[in-house]
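There are 2 protein chains.
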Amino acid sequence: MSNSKLYKGSLSIIILKLLTETHKMYGYEITQKVKELTQGELNITEGALYPALHKLEADGFLEVEMQRVDNRLRKYYKLTQAGNKEEVSRIEELERFIETIQGIVNPKPSLG
Amino acid sequence: MSNSKLYKGSLSIIILKLLTETHKMYGYEITQKVKELTQGELNITEGALYPALHKLEADGFLEVEMQRVDNRLRKYYKLTQAGNKEEVSRIEELERFIETIQGIVNPKPSLG
DNA sequence: TTTATATGCATAAGAAAATTATGTATTTTT
DNA sequence: AAAAATACATAATTTTCTTATGCATATAAA
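As they're listed, the protein sequences go chains Z and S.
Taking UniProt numbering, I'd label the letters of the first sequence as residues 1 to 112.
Taking UniProt numbering, I'd label the letters of the second sequence as residues 1 to 112.
What the hints contain is simulated information worked out from the structure, not anything from laboratory work.
Hints should not be assumed to be uniformly reliable.
As the list makes no split between identical chains, a pair holds if one copy fits it or if it spans any two.
[What the hints assert, rightly or not] DSS-like cross-link-like pairs, simulated, lysine-lysine; straight-line CA separation at most 30 Å:
| no. | residue 1 | residue 2 |
| --- | --- | --- |
| 1 | Lys108 | Lys78 |
| 2 | Lys75 | Lys108 |
| 3 | Lys33 | Lys75 |
| 4 | Lys8 | Lys55 |
| 5 | Lys33 | Lys108 |
| 6 | Lys5 | Lys17 |
| 7 | Lys8 | Lys33 |
| 8 | Lys24 | Lys108 |
| 9 | Lys35 | Lys108 |
| 10 | Lys85 | Lys55 |
| 11 | Lys85 | Lys108 |
| 12 | Lys8 | Lys35 |
| 13 | Lys17 | Lys75 |
| 14 | Lys17 | Lys33 |
Please read these numbers as outputs of a predicted model, since none were measured by experiment.
Please take these sequences and the hints and turn them into a complete structure.
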């Protein structure tokens, strides 16, 4: 994924966010999109991606639609209604996390 | 630590950062400081904290100084020279992570 | 033409970093 | 007297990743 361990826990949020924007995507497409968006900084490995997709599906946040293109199989994922709600709350969670961590590493000097 | 899994991987950075500011701290003090800084959002558990401190020490980033206060033992930790360097690079890593993740979840709309 | 790379899925073994549950001990508050 | 706070620690388990492997087709390069 990246040499940084900080990305741990963020993969499912990334997936949910991309599917909010693009409506339906398949696994390989997600890896390429993330690589592009991050200018190569973040490379999602298959070993991380596919289990994450399967879990989101099992949790009822994604639904699948198979499609054969150029004689190769693609599994298109899209958000369910529950997935849409989940995306909103997970993004809020991420914003809160970023604020919190910045409050620690970049604390406002006390005015006393 | 928090109900959010996003903090996974950030504990060692938090410790290094606090010790850059406060020079020397003991474990329990770190948990209280973090709770205060985050207004209760982040509560570091002992099961996470102590192994993290031990690892940072084993890696040569922290050194220990025992002190008995009110008949209770405290292990004060402070940064080594290597720990100081590590703090700088880990903070940079965190800033990069935040930029990258924001580039994904908050993408600039293309101007086309 | 054969070989490597890209596309596309998947899982298994192992590592890393947490959680949860204990355990010990002293001090302070209720 | 009992509960909560202070102060350390570790063990079992869970989660989420990495690394390695496997299968299959299409395209680019040697």
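| query | If you check each hint against the structure, which ones fail? | reply | none
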